[in-house]
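Kindly generate the complete structure, drawing on both the sequences and the hints.
Now for the letters of each chain:
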Amino acid sequence: MSAGSQDRTGGAECLSALVDGEVDAVAVLQACDAWRADSEVRSTWHAYQLIGDVLRSDDLASSAAHDAGFLVAVRARLVAEPVVLAPAPLVARKSAEGLAPPESALFGNGALALLGRGHRAGRWMLPTAVAAGFVLVAGTFVVLRPGSLPQVPPAALALADVAAPGNGSNALRPVADASGKGVVDATGAVVPAAIIVNGRLIRDTRLDRYLAAHKQFAGSSALGVPSAFLRSATVDAEPR
Amino acid sequence: MLTRALVPLALAWSAVLAWPVAQAQAPTVPVVAPNQLRAWLLRIHNAASHHNFQGTFVVSGGGGVASARISHFYEGPNQYERIESMDGRQRKVFRYNDVVHTVWPASHVAMIEQRGLLSSFPALLQAGDDGLDEWYDGQLEALDRVAGHEANVLSVRAKDGHRYGYRLWADRASGLLLRADVIGEHGEVLETSAFSDVSIGVRPQTETVLQAMRRLDGFLVVRPVFTPTRLDAEGWTMRQVAPGFKLVRCVSRQIEPPGEASGAGPAAPSVIQTIYSDGLTYVSVFIEPYRADRHVRPMFASLGATSTLSLRQGDWWVTAVGDVPPATLKIFAGALERRKP
Numbered sequence: 001m002s003a004g005s006q007d008r009t010g011g012a013e014c015l016s017a018l019v020d021g022e023v024d025a026v027a028v029l030q031a032c033d034a035w036r037a038d039s040e041v042r043s044t045w046h047a048y049q050l051i052g053d054v055l056r057s058d059d060l061a062s063s064a065a066h067d068a069g070f071l072v073a074v075r076a077r078l079v080a081e082p083v084v085l086a087p088a089p090l091v092a093r094k095s096a097e098g099l100a101p102p103e104s105a106l107f108g109n110g111a112l113a114l115l116g117r118g119h120r121a122g123r124w125m126l127p128t129a130v131a132a133g134f135v136l137v138a139g140t141f142v143v144l145r146p147g148s149l150p151q152v153p154p155a156a157l158a159l160a161d162v163a164a165p166g167n168g169s170n171a172l173r174p175v176a177d178a179s180g181k182g183v184v185d186a187t188g189a190v191v192p193a194a195i196i197v198n199g200r201l202i203r204d205t206r207l208d209r210y211l212a213a214h215k216q217f218a219g220s221s222a223l224g225v226p227s228a229f230l231r232s233a234t235v236d237a238e239p240r
Numbered sequence: 001m002l003t004r005a006l007v008p009l010a011l012a013w014s015a016v017l018a019w020p021v022a023q024a025q026a027p028t029v030p031v032v033a034p035n036q037l038r039a040w041l042l043r044i045h046n047a048a049s050h051h052n053f054q055g056t057f058v059v060s061g062g063g064g065v066a067s068a069r070i071s072h073f074y075e076g077p078n079q080y081e082r083i084e085s086m087d088g089r090q091r092k093v094f095r096y097n098d099v100v101h102t103v104w105p106a107s108h109v110a111m112i113e114q115r116g117l118l119s120s121f122p123a124l125l126q127a128g129d130d131g132l133d134e135w136y137d138g139q140l141e142a143l144d145r146v147a148g149h150e151a152n153v154l155s156v157r158a159k160d161g162h163r164y165g166y167r168l169w170a171d172r173a174s175g176l177l178l179r180a181d182v183i184g185e186h187g188e189v190l191e192t193s194a195f196s197d198v199s200i201g202v203r204p205q206t207e208t209v210l211q212a213m214r215r216l217d218g219f220l221v222v223r224p225v226f227t228p229t230r231l232d233a234e235g236w237t238m239r240q241v242a243p244g245f246k247l248v249r250c251v252s253r254q255i256e257p258p259g260e261a262s263g264a265g266p267a268a269p270s271v272i273q274t275i276y277s278d279g280l281t282y283v284s285v286f287i288e289p290y291r292a293d294r295h296v297r298p299m300f301a302s303l304g305a306t307s308t309l310s311l312r313q314g315d316w317w318v319t320a321v322g323d324v325p326p327a328t329l330k331i332f333a334g335a336l337e338r339r340k341p
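Protein chains in written order, with the numbering used here: chain A, 1 to 240; chain B, 1 to 341.
Simulated from the structure, these hints should not be mistaken for laboratory data. Keep in mind it's a predicted model, so treat the numbers as computed, not measured. No false leads were slipped in.
Per the computed footprint, the stretches of chain B lying under chain A, defined by three or more beta-carbons under 8 Å from a beta-carbon of chain A, are:
| id | stretch |
| --- | --- |
| 1 | 143 to 153 |
| 2 | 301 to 308 |
| 3 | 319 to 326 |
Which chain B residues face chain A? A few, computed with CB under 7 Å, are given here:
| id | residue |
| --- | --- |
| 4 | Ile-255 |
| 5 | Ser-284 |
| 6 | Phe-286 |
Glycine residues also receive a C-beta, built at the ideal position from the N, C-alpha and C atoms.
Spelled out as structure tokens, the structure:
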């Protein structure tokens, strides 16, 4: 499975981040996978949850036996629940397998085929229920903490600095590039690039017309996203 | 009763969780077979027309930042688009298939274009004769996240110095391009365009686009005219082109912005625009009569990934524009030759 011993430390960090609701969907998948495969990860997960519970409320710092008792009670209730779709198989299976709810009775659809491999379904049931639980918890964290979402991609902001050095070999460079910020004026409108030619500063709005005419061609660019519209919008945005 | 509802939920969740794990492992291996590069690019290209999406798109480079609100809808074969620039002068673009309206509400000017003539670019990619694999190679990088979506990262490397490389983030589920970086000769990022947020699979609201396109009362409507032509018919020869570039189109047109065409003295002479492409990027070469008052001196400028080179050639003024290194523009501008009359 994917949870080899070599990445156990990383897995623990990932679990910790998951508890905090700070991982992306890919990491959630990997963590779930590790959790399913590795009992140590499961106990780590439980420990983290317990820590979190205690931190949130003293009421939650109950003994493990309390949890276990609750789970046993839930299982007992599950088994005892009447099943609307097919009550007869439930009775038959109950006596044969004890804890395992009859998946075929619960679901006529194919969703379960992915999981239920005969008697293994019984072992699945609880872990998956808990997994669903922590996914919901993670989801709740995202909803409750919008401030933790990235507001502005830092890469985009840093771009001016990255792009500024450019290919400085050419003698004719826009002033905008040299300063890294000359393109946007105080009102936020984009002004035409000022150009140094033979050491003298000139400003040529005609340049923009070529740019606009050029970009027009790529109304739908090779990649389909109309970035060309936008870039001509940049060009076009100067007040006339 | 509640527990009975929870267990199916749990099972459904675990099915959702378990299934993509196997899928997630494959793309982390960084290989793209040469013929796969085109497949990836086509997937990205097709995703843009076959999904309904709505989002904010930000372009930054060369110290400038511009953003726009984009909505794209499709219904059957019909494409609807609405783009509203959010910086500087207000400008809206509405597209219904090949008809594009560009509206400047402040100056009450609207430009109506038929895109057919100028936008054969995607067809070029699909035709498969562009030698894309000869000039670029592709590499898949680790999954990333853009605007809240998981994304496959495709690194497109230029094989020579006549073009730039790209790094493309495509939504893993839909293939929609979420972010594109233009990479310079030394690996530096020249320009980034990305969705800062996007909803994919929204309900198509095509009527909002069509309604806006019908509301042109009180607008000065401009319809730019493109006349197809050929360089040799205009008395020009292109002695050589940069490696990998092919002639795509040659038109005679006006390049004055709408609103200035009227009342700006004598009508500006038309300009010949010739377009060359290597399959991913393209270069425009403009030729127009030299005018001392307008064409003061040779110029070179870069803004983000786009460079412009202007120079005088006898009685003519030649301008090359493109998202390519300056040396590539020099090849085009220098290879134009006026045929002896």
